[in-house]
Structure formats: C-alpha cells, structure tokens
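Chains A and B, in that order, are what the protein sequence lines are. Under my numbering, the residues of the first sequence are numbered 1 to 234, in order. Under my numbering, the residues of the second sequence are numbered 1 to 319, in order.
Among the hints, a few may not be true.
What the hints assert, rightly or not - In silico lysine to aspartate or glutamate, EDC-like type, Cα no more than 16 Å apart, as pairs:
| hint | chain 1 | residue 1 | chain 2 | residue 2 |
| --- | --- | --- | --- | --- |
| 1 | B | K134 | B | E81 |
| 2 | B | K293 | B | D253 |
| 3 | B | K92 | B | D114 |
| 4 | B | K176 | B | D114 |
| 5 | B | K207 | B | E67 |
| 6 | B | K134 | B | D163 |
| 7 | A | K72 | B | E81 |
| 8 | A | K75 | B | D88 |
| 9 | A | K75 | B | E81 |
Unchecked claim - Here are some chain B residues the structure puts well away from chain A; computed CB gaps all over 12 Å:
| hint | residue |
| --- | --- |
| 10 | K71 |
| 11 | I76 |
| 12 | Y86 |
| 13 | L101 |
| 14 | L128 |
| 15 | Q165 |
| 16 | D198 |
| 17 | R199 |
| 18 | V245 |
| 19 | Q250 |
| 20 | D253 |
| 21 | R275 |
| 22 | N285 |
| 23 | I289 |
| 24 | K293 |
Claimed, not checked - Which residues of chain A face chain B? A few of them, derived with a C-beta cut under 8 Å, are:
| hint | residue |
| --- | --- |
| 25 | S50 |
| 26 | C79 |
| 27 | P84 |
| 28 | I85 |
| 29 | S89 |
Bear in mind the hints are in silico, worked out from the structure with no lab data behind them. Heads up, the beta-carbon is just placed ideally off N, CA and C, and yes, glycines get one too.
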Amino acid sequence: MGAVFRREVLSYFTSPIGYIVLAAFYASSAFLFVASALQSGSTQLNSVYSALFVVVLVLIPILTMRTMSEEKRQKTDQCLLTSPISLPSLVLGKFFGAFLVYVMSVAITLVYAVVVSFFAKPDWTVIFGNITGMLLLGGAYIAVGIFVSSLTENQMISAVISFFFMVALYIIGYIAEFIPVDWIATALKSFSFATRYEGFTYGLFDLSNVLFFLSVIAAFLFLTVRVLEKRRWA
Amino acid sequence: MIEVVNLSKQFGDIKAVDHISFTAHDGEILGFLGPNGAGKSTTMNILTGFISSTDGKALIDGIDILEEPQKAKARIGYLPEQPPLYMDMTVKEYLCFIYDLKKCKLPRNTHLADICRLVKIEHVYKRLIRNLSKGYKQRVGLAQALVGNPNVLILDEPTVGLDPQQIIDIRNLIKKLGKNHTVVLSSHILSEVQAVCDRIVVINQGKIVADDTEEHLSKTMSSDHRLYVKIEGPREQVFEVLDDVPGVEQITDVYEREPGVYEYRIQPEDDRDIRKGIFAAVAENGWYIVEMKSLELSLEDIFIRLTMGDSLKLKKGAK
Chain A
1 MGAVFRREVL SYFTSPIGYI VLAAFYASSA FLFVASALQS GSTQLNSVYS ALFVVVLVLI
61 PILTMRTMSE EKRQKTDQCL LTSPISLPSL VLGKFFGAFL VYVMSVAITL VYAVVVSFFA
121 KPDWTVIFGN ITGMLLLGGA YIAVGIFVSS LTENQMISAV ISFFFMVALY IIGYIAEFIP
181 VDWIATALKS FSFATRYEGF TYGLFDLSNV LFFLSVIAAF LFLTVRVLEK RRWA
Chain B
1 MIEVVNLSKQ FGDIKAVDHI SFTAHDGEIL GFLGPNGAGK STTMNILTGF ISSTDGKALI
61 DGIDILEEPQ KAKARIGYLP EQPPLYMDMT VKEYLCFIYD LKKCKLPRNT HLADICRLVK
121 IEHVYKRLIR NLSKGYKQRV GLAQALVGNP NVLILDEPTV GLDPQQIIDI RNLIKKLGKN
181 HTVVLSSHIL SEVQAVCDRI VVINQGKIVA DDTEEHLSKT MSSDHRLYVK IEGPREQVFE
241 VLDDVPGVEQ ITDVYEREPG VYEYRIQPED DRDIRKGIFA AVAENGWYIV EMKSLELSLE
301 DIFIRLTMGD SLKLKKGAK
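Generate the whole structure from the sequences, applying the supplied hints.
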C-alpha cells in the first residue's frame, strides 16, 4: 500500500492536477470566506462550509478521474496487478493518495478559523465538526470517484460520470420529495449526501452520519476491488 | 520452473488459448513463437496472474498462480508487450517504486545500480521516462522486471523497438540471465528465438504446434529436398525438358524472376541427386542456368509451414 500511496501523491504533484485542485479550492474557499464571513462581519464559518459542498462536488471528480482509468490506458495496471500486492491494498493506496491531497485543501479552512479568532473567540467544536464532516464527505466522494474511474479507460468519461453520480447523490433527497410512496422517499432521503452533511455544518456530530459516510467509503472501495477482480476473470 | 498444464482461455466465443501444456525448467530459455494473435500474450498474462485462465493450471515453482497469486507473483519478473511505465516519473523514481511495490529485501541502492548497469541505463537514471527514446523505455521495462531478482522472467517481445546493437546487447543479457533464471520469451521474430532460446514452443491459433529444440525442428522438417533452379529460356519448353530429366518427380512451382528467367522448384524422387541431369539437359538445349540451389529449411520456413496449418504436424515424439 505504501508504494502505491507514495506514487499516487507524487503523481498529483508531478502533473498539474494536484496544484490545480489545491489552487481552485483555496481560491473558491477564500472567496466564500471573505463574502460570507468577513464582509458580513460574522465569525460563523458554517455558511462557508456548507457552500464548500459545491466546490467539493466539482473538484473531486478532477482529483479521482485518472486514478484507475489512466493505469488501464497506459497499461501500467499490468505492472500493479502482476506485482505481489493485494487488490485491497492497491485500492487503499490510491484512496489515501487522493485523500491526502483533499486533506491538504480542506486544511486551508483552519487558516480562516485562525483569522476569525482575531476578532472573536470561534466555536472550535463547530469548526472541528465541520472539518470532520468535510473530510468524511470528501472521502465518500473520492471512493465513488475511484470506483467510477475503475470502470473506464477514459479520464474525461470518468470525470463526467463521477460528477453526475455525485450530483445525484447530492440531490437525491430533493428528488425524494416528489415521490409519493412514503417508504421509497424515506429510503432515498437516507442516502442524501446533502442532508447527511448538513448536520455537520451546524456543528452536530451525529454518529449515524459518520457511519454513513464511512460505509459509503468502504462500499465503493470494495466495489472497486471487485471491478479489478472481475477484469481478471473476464 | 514453470509448468503449464492444459491451459485454456476463452474470451466470449473466441478460444484465445486452447489446452496448451508445456514446461520451462530452471536455467532454460524457452522461446514462445507464433504469429500475431496466436495467443502468446494471453498465455503470458495468465502466467503472470494478470488474467485468469478458463481451464487448466499454471504453476510457478510449484505454486499455483490462481490459488496463491501473491506468493507466485513474487517469483515473477514480467515485461509486458508494452512496458508498464509511468511517464511522469524519472527512471530512478520508477525503479524505487517498483522496488517498494515488490517488497524487495535486497539492499536498494546497490541492487538498483546493478540492474541499471546490466541493462545500460545508468546515464538516463535521473531523466523523466516520458523523454526517453523507445529503446530506452524498453530497457527500463526490462529493468523493472529484474527488480527483486525473481526466479522466473517472462518477457513479451523484449527487443521490439531497439536498434540492432541494442538488440544484440539485450539478447546477450537474456542469455546471461537464462543461466540462473527460468526465462520465457515471446517473439514473432524467428531469428531472435533462434539466437537466444534453448527450446522453442510454436503456438498458432491458441494451440501448440511444436515444442522442440531448434535443431530438432529443422531436422524433422527438412524432409524437403527441393531444388531451386533459375533458367533463362522459354518457359514451356524448359518445363517439359526438366520434367523428363531422370529422377525428377515433380516441378512444384514456376516463377518469373527476371524477364525471360524463370525459377523452377523441383522435387526429386527420394534423395536422388538430379543436379547433373538438369545441367546437362539445359545445356543441351542451349539455355542457361543462372542459379541453382538446394532448399534448406530455415526456422522461418518451418514456422510458416507449422502455422499455415500444414499437415506436417510436429509433436515432441518426432525427435
């Protein structure tokens, strides 16, 4: 796992992708911070975090689009899949590589919290709740992105499908409003990333939401392993 | 050691590999020869655990690649048809990555330096793989297979894209490696297999059509003693005269090689020497023999005959 992880992180920063994702996240989060906190004289960062959801939605497909697809296209997967490492550790290496870049981008919000702390005492529990929420949400989306990437050889297709998949998971709760059958609506709502994430932005630390995102991560990484395994048996 | 028993692979309706069996012993270089699409790469991909087989077994040093893939894979160095290189890494970064990936225990710096010296890539060690020429990329691919000093080396067309000097270097290297490794090498270049391999397995349409040493192969196949004669003279008359020469069984083909010069391929009866008879007959009629040679079957011809679905099928027992 270590080798794949190191290579993955290296590849983000030998190509422009890592820098672009970081720059885009820093710029858009800074704008949100200035507009919704500094300008209105509020020390509450909740609105910044909830607005960041959309930024995450756009950036994560870019972060994950090449994880698996590029390996397949360049045929470097032949090297990975014939080396003596297990498929789960391969997928985990990929996941943590992308996750590290994501953590580096989310870490910028700590700077905003420090800026705010010069004006008033910030509510650190809310901020850490928010950061935890962001990391869980991002982790889940990264797992989804890696899974989609493993299905195709084309980065662009991977990015576009991941994006729509992620949007679908985001708005699934709103779609549920239009479904007259109660139990289907409830079931769909429970998959809504937006609702699950919202709790964190209020500073609510709901264990069921934490478990939800962790399960999504596990489920999609497992599915990715299965896709790789299936390719072997095809 | 590699043992392949009754291996098959089916892609939908297509049988890519059809019940093949062969063994490669320690210290042996096995040449895997076949036309494009014969199933060479598929077989190699199965041997290395990249894809599974539909049926049959592949054992690496006695370990089943399907049942204990990690253990078996640790014994294999694999150079696929297209070297699996990360273009965004330097040679050094790449080889270190492979070193980590294979969980290699040998001292890192000296081991990698040894390999680089062996495949002659020391002077590009710090360059980006993207910027290397095809020949160097191929060598980095070979270096990658050698990391960890695996027992078994599986090389899929290792000399593709190299210049003649590099080809000779790599062949010598493979020969050297063959002394203490099991090497399976695939190629559709016959001279390569001829130059490097101890044993040759010819595969066509997923089936093994020959498994023998090169010497044996040419011996068994050259039951053909046809004579090639180029004669300047009127085609039809020459044909009739040649046909009447004692000892000529049949004239199999006639080709026009130059204006007025035809090449006749003549099959003698048994092993009779018909050269003098032909010379006399042609001279008598005032025509000229421009060239005369007896056909020696090269590996090339054997290969073509084997893969053209010729009735001459070779089995191990033909030795």
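Worksheet item: Where does the structure disagree with the numbered hints, that is, which hint numbers, in rising order?
Response: Of the numbered hints, 5, 10, 11, 12, 13, 14, 25, 29 do not hold.
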